[in-house]
Amino acid sequence: MSDFFSSGWSAYIALVALVGIFWCIWLLFSQRKAKVVHTADGAVADTGHVWDGDLRELNNPLPRWWMWMFLLSCIFGLVYLVLFPGLGSFPGVLGYSTDGSLMQSMTNANDELKPVYAKYVKMDIEQVAADPKAREMGQRLFLNSCAQCHGSDAGGAKGFPNLTDGDWLYGGSPENIKASITYGRGGVMPPFPQLDSNQIVDVANYVRSLSGLSADDAKAARGAQVFAANCVACHGPDGKGNIAIGAPNLTDKTWLYGGSEATIIETVTKGRMAMMPAQDKVLSPEKIQVLTAYVWGLSNSKQPAAAK
Amino acid sequence: MPYIPPGGKPVPIEVIEESLYEVRRKIYPRSVSGLFARWRFILVFATQLLFYGLPWVSWNGRQAVLFDLIQRKFYIFGLVLWPQDVIYLTLLLILSALALFLFTAVAGRLFCGYACPQTVYTEIFMWIERKVEGDRFARIRLDGEEWPWGLRKWRLKITKHFLWLLIAFWTGFTFIGYFTPISTLGSALIHLSLGPWQTFWLCFYSFATWGNAGFMREQVCKYMCPYARFQSVMVDKDTFLVTYDKVRGEPRGSRSKSADLTSLGLGDCVDCSICVQVCPTGIDIRDGLQYMCIGCGACIDACDQVMEKVDYPKGLIRYTTERAIEDKESNQSAIRHILRPRVLIYTAFITVLTAAFIVSLATRNPLRVDVMRDRGALAREVEGVRIENIYRIQIMNASENNMNVQVKALGLDGLKVLNSQGQIVTEIEVGPASNLLMPIKVSADVGANEAGNYPIHFDVVAHEMSGDELITRTREEKSTFIIPR
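For the protein sequence lines, the chains are V and F, in the order given.
So that you can map any letter, position 10 of the first sequence is 9 in numbering that gives the first Met the number 0, and since no number is skipped, the others follow by simple counting.
So that you can map any letter, position 406 of the second sequence is 405 in numbering that gives the first Met the number 0, and since no number is skipped, the others follow by simple counting.
FYI, nobody ran anything at the bench for these hints, they're computed from the structure.
C-beta atoms are modelled at their ideal positions from N, C-alpha and C, and glycine is treated no differently.
Calculated cross-link-like contacts (lysine-lysine; reagent style DSBU-like; alpha-carbon spacing at most 35 Å):
id : chain 1 : residue 1 : chain 2 : residue 2
1  : F       : K72       : V       : K132
2  : F       : K25       : F       : K130
3  : V       : K34       : F       : K221
4  : F       : K407      : V       : K157
5  : F       : K415      : V       : K239
6  : F       : K245      : F       : K256
7  : F       : K25       : V       : K32
8  : V       : K252      : F       : K407
9  : V       : K132      : F       : K415
10 : F       : K477      : V       : K132
11 : V       : K252      : F       : K415
12 : F       : K245      : V       : K34
13 : F       : K221      : V       : K32
14 : F       : K72       : V       : K113
15 : F       : K477      : V       : K157
16 : V       : K157      : F       : K415
Covered by chain F, according to a simulated footprint, are these stretches of chain V (three or more residues, beta-carbon under 8 Å):
id : stretch
17 : 29-38
18 : 60-66
19 : 136-149
20 : 152-162
Have a look at the derived ranges for each label pair, beta carbon to beta carbon:
id : chain 1 : residue 1 : chain 2 : residue 2 : range
21 : V       : V81       : F       : L49       : 44 to 50 Å
22 : V       : A129      : F       : L94       : 52 to 58 Å
23 : V       : A10       : F       : F199      : 36 to 42 Å
Work the whole structure out from these sequences, hints included.
In structure tokens:
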């Protein structure tokens, strides 16, 4: 992979690296001998350079092992440049890359985790949910992959379902939850531009009355007809919704976007669009199994999972 | 052009072309006994007893000193340090540096001569070398033998390297024992089941010990160690150093015992060169202070023995100051200069920092709390009247006892702390030396509050049973609470 605009830069960098190393070797070789000034008794004299009045520069030889280390470093550098990326865009004969290294580490980590997950894959979701170790792992997966929208406590937020209340748009069976996680969901409430504003107020009042919330009886009665004409296709004649298409149950006091009259009017007028992204490319099937059990367990455990 | 040495007469010179890469001249230090040799023996013994012994000490059923890099917990007897405590390491390093400055200002390179691992292992290796191959002249003779080697030379060299490698290996093993429990390391070694990194570091440290103490020796001090190079800025005219008294010793020369010194015009130095033969870095102390001098005092011991033999007063080479030599002062009077500004400043810094170090360690709070607001979900409405914000609270227990932790949120009216299941959080148990991450909800009455951000804080109180004593720890952590529009 090359990030250069022109291949000339690649060649330039390769040249700088190689010339640098060979220049170092040449320097070492060319300086192997020097004329050294000795006094008559054999001691090394200084070079005649004096600083601060008394700091004399001597001309002592380097230790030979130092020279060998230097040469070894040059050879190491050359071998490195052949094996690893470094010479411009040349990838090195080992084919190493940081991307590849990351992928390798992730594969290794997954392989290491395989035996940990293996026993959970064979178990039912209900059994996995009862396993404290699996719950702990599930929570970590949840905090990593789900908490951004559903909240760290899985309590949801406006537009993001609460996963702890036993109310499910697409069904709360382990299979349904697993399908939601694996393949994602797309929930669409279409806008109703054909309804005039009075009709929308009427239907909003009717919808509130379905949940037993305070509503204007006259408006609700008119709204029932609007509902029958426009909404039953998805929400059903009794407003109980349809988990096959994720149409919410309107009778259970659980509101994804809010249950106030104003909010319901907004929902009907403008429609809603919700998206649960598919995790099959992000999480392995084993992890989804454990995560499903955790999410299922949030509303199904007999005694609430100890907060760990 | 003749060469004029500083302050001297011109001397004739010659120019020779020679190699700039010098082969190491092997040094054969002669064994020495005396006061400083004894002190070095004691210190080598003490430092190695500490180094080799410490990993085997246990404390509370675990290794007393263990730096667990994988768990990132650092056990030092009763103390468990976490990466967050790196400030203590910083303080310790600053203190060590200051101590080095102080020692150097007062008495030169005491560290080099007595406690530096390079000196200590070289000393141990030289001791083995001496026991196997004999003293200086025996070793010179042995190495001078021509190829092919005789049976005796093979035997001696193999014995020496075997013993060296044994010690080097044990040193490497001990070193890793500070990072992996040494008892399991031992059994892993016996069963040859060490991990790849453990094997690598074991080999690396063994090799480094063998190479540095057996072969590199004074080369490390002369060419690698920065301390040798910057010591000259830390010593002054009043620093006690291993010094040759040239006023008394020069002019040097051999003489017969009965000769009259005044008529010969000689100083006390008999020029026996013993001081050069015993020097582990191969220098001549009579040339004055040099960066190669590690201050080991071997030349003092050796010279004193010679002085005793020829019936001169001891101390031709001695620990003394430059000023004392110049002014012909005794050490008793030279020591009066010890309280100089640099010594006082170093001492003051060391005292203050040591006090700060001890106080902060003693009052260290092993309870740590971190509160992180959920970024995705800002706030939610519950039961129509209350607002909930979601947080993750991380409680770290750096003590070795269980902690029972209570969390309260303050700063707004009627704040309640709930767990994921919506129950009020009463008490959370956090195990010894562990941490716990827990999602919590904080719910508040909207009341008369307008939409906006409100600063709140979490008061965390932990109860810890240390033996029979109940200790209460507290932490406060700030955060914000959002009431949405």
